[in-house]
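Peer 1: Let the sequences and hints guide you as you build the complete structure.
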Amino acid sequence: MTTVLKTEDLRKQFGELTAVDGVSIEVDDSEITSIIGPNGAGKTTFYNLLTGVLQPTAGSIWLRSGDAAVVGDGDAAGGDGRAGGDGGLRDITDAEPHEVAQAGLSRSYQITNIFEGLTVRENVRVARISHEKTRLDFRSRATGDEALEADIEELLELTGLTDIADTKCDTLSHGEKRTVEIALALAIEPNVFLMDEPTAGMNPTEVTEIVSLIRELDADLDATFVVTEHNMDVVTDISDRIVVLAEGAILADGTPEDVLTDDRVTEAYLGSDSV
Amino acid sequence: MSATTDTGDRVREFGAAVADGWTRERFGLLGAIGLILMAFGPSFQIYLFTDFLVVALFALGFNLLYGYTGLLSFGHGLFYAGGAYGIAVVLRDLTPVFADVVGAGVAPLVAFVVGGVVGLTLVVAVAVPVGWLSVRLEEIYFALITLAFGMLGYSLIIQDPAGLTNGTDGIIVLLGSVDLGGLSFRIGARRTYYVLTVAVVLAATYGTWRVVNSPFGTVCKAIRESPDRAAALGIDVRHHRWMTFIISAAIVGIAGVLRAGLASVASPGLTHWSTSAIAVIATVIGGATYFSGPIVGAFIFLYIRWAISRFPTLEAYWELFFGALLIGVVLYFKQGAVGGLLLARDRLLGDGADDAGGTEADSTDDSRSDDARTDRGDDS
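Here the protein sequences come in this chain order: S and X. Quick note: the first sequence uses my numbering, first residue 38, plus one each step. Quick note: the second sequence uses my numbering, first residue 37, plus one each step.
No lab work stands behind these hints, which were simulated from the structure alone. Being a predicted model, the structure only gives us computed values, none of them experimental. Worth double-checking, as some hints may not be accurate.
[As the list claims (entries may be wrong)] Pairs of lysine-lysine, DSBU-like flavour, derived with a Cα cap of 30 Å:
1) S:Lys205 / X:Lys370
2) S:Lys214 / X:Lys370
3) S:Lys205 / S:Lys170
4) S:Lys43 / S:Lys205
5) S:Lys214 / S:Lys170
[To be verified] Chain X is nowhere near these chain S residues, computed Cβ spacing over 10 Å in every case:
6) Gly96
7) Glu159
8) Ala179
9) Ala187
10) Gly197
11) Asp200
12) Met269
13) Thr292
14) Arg301
Glycine is no exception: its CB is placed at the ideal position from the N, C-alpha and C atoms.
Peer 2: As structure tokens, then:
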């Protein structure tokens with residue numbers, strides 16, 4: 038039971054609109070946490086704050102980082118990190134996206150975001166190069182590092198992409214692209230993996246496949262999974278814990294049974310007029 | 037009917053056999069022979085081919101940033117001029133100094149080498165701050181700020197506040213004669229300069245090819261495809277673009293050094309936007325997604341321009357032809373000439389032949405593009 042990700046009173050204001058309104062959450066490494074909520078509840082903004090794409094108006098974000106060498110503004114990490122009393126957590130509030138990723142927080146996107154013009158293998162290679170910090174090496178061959186190629190092979194096998202490894206991504210099916218998305222995020226060996234609607238746009242067969250993949254990966258890997266999802270079957274299927282966001286704030290937080298029988302949750306989803 | 041298919045099959049078989057025979061080694065050997073034979077060609081053809089090599093390197097450097105990293109610079113003329121002015125100033129002001137130090141015999145050679153290094157250093161020194169500022173912007177804004185930097189360089193060279201660049205006239209570049217005991221030659225002689233250019237351009241091209249196929253270059257391609265995805269994988273996109281900018285400028289700077297010697301002058305026009313546009317046009321015509329695209333594009337650009345110049349009545353309108361050509365390429369030939377060539381080869385030989393000469397292209401169905409005018413091989 039270790040906290041791997043923590044936000045404190047996280048707030049994001051767009052002019053008059055408060056998209057995220059004081060969210061405090063602690064994610065534990067022993068569970069798959071789902072963050073759900075109706076459209077406009079602030080899920081995507083919340084993800085963008087966590088990953089450094091947006092800067093919060095107020096509040097802080099903390100991440101357990103395996104790698105002590107990286108993280109945003111060193112001063113923030115230094116002073117407050119110890120003051121928080123939780124030695125392993127680092128302040129990533131002001132970090133830029135690439136610093137967040139280096140610190141161990143990886144993400145997948147709701148709208149597939151992969152390197153379409155490259156093959157599956159090249160996609161993963163880019164991520165491994167980033168992870169191995171050899172991106173500025175312009176003297177060696179990209180394909181010349183045997184250890185790196187072995188890592189790529191292993192990851193492709195883990196995600197079931199071996200057969201299409203040398204296919205260019207823009208010719209893949211939607212489901213395959215979604216899997217590449219996951220492979221990319223995993224390739225940097227994150228401590229925390231934020232999945233933004235992994236089943237978006239998938240047909241039922243693909244949904245079943247991706248759900249079992251997520252299960253497998255969660256069992257095999259050290260990464261802690263945080264998932265947002267619209268498909269309620271998937272949510273109840275994979276989650277140990279569900280956090281419900283509504284109008285930027287946490288409405289409910291608990292086990293799937295507790296949360297899904299909560300009247301306030303039903304109301305937020307269906308409106309008070311509905312059954 | 038059966039006879040036709042029979043003949044077709046035979047032609048196809050023959051073609052496939054020929055294509056199989058074209059291994060990289062044979063291409064290399066043939067290319068080397070071609071380059072040597074070229075040195076005995078008519079003087080003007082040597083000049084034209086040297087010109088092509090220099091423009092090819094210019095476009096190749098530009099394409100590292102455009103085709104590989106996804107940033108369209110409209111100001112790479114600045115670095116072309118930087119290389120040219122670097123060597124021109126050294127040759128003008130320091131040749132007598134070198135003559136005193138190493139003797140008049142080798143002084144021109146020493147001055148040329150030092151001038152080249154100074155030109156390259158100057159370009160990198162300019163590219164570091166210019167790139168740092170430019171990569172803060174993306175897409176059209178990046179194109180505009182690089183355009184602005186290019187034109188700023190143009191104004192500075194013309195205004196000549198430091199008294200170095202000789203204003204609108206530019207600096208005459210005299211390469212001089214080397215005299216090493218028994219051996220004497222003129223660096224600026226067509227054939228000598230051709231051999232020199234071949235050596236430098238080949239080395240620089242190989243260097244660029246290595247960069248493109250390195251971990252660094254792989255990350256460049258990823259940034260081209262999706263910068264925010266790259267960042268989410270821990271890649272410092274801005275820093276990487278900056279480094280690419282500097283390398284790209286350095287390659288263009290080498291081309292600029294060669295240009296000064298070839299044209300015998302370093303003129304302000306080199307940093308005018310219309311010069312920057314040559315790299316853009318050559319790259320687009322050749323195909324930005326292929327390593328060889330800018331080279332083939334430069335070949336087409338220079339040789340079509342030369343062909344047009346043979347008809348004096350048309351010469352005044354040569355830009356019109358490129359306008360039309362560019363419209364054709366952009367509308368129907370998105371992969372450029374190299375893409376068209378590969379498509380034509382696949383069409384003729386079936387899908388058997390392997391990937392030639394370059395990196396990937398978007399193999400998205402370009403089915404209806406015609407393959408006329410693409411029969412000119414990239415044997416250069």
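Peer 1: Does each hint hold? Answer for all of them.
Peer 2: Structure-based check of each hint:
no. : hint                : verdict
1   : S:Lys205 / X:Lys370 : 18 Å, holds
2   : S:Lys214 / X:Lys370 : 24 Å, holds
3   : S:Lys205 / S:Lys170 : 25 Å, holds
4   : S:Lys43 / S:Lys205  : 38 Å, violated
5   : S:Lys214 / S:Lys170 : 25 Å, holds
6   : Gly96               : 21 Å, holds
7   : Glu159              : 7 Å, violated
8   : Ala179              : 4 Å, violated
9   : Ala187              : 16 Å, holds
10  : Gly197              : 20 Å, holds
11  : Asp200              : 19 Å, holds
12  : Met269              : 27 Å, holds
13  : Thr292              : 30 Å, holds
14  : Arg301              : 33 Å, holds
Consistency note: the structure conflicts with the earlier hints numbered 4, 7, 8.
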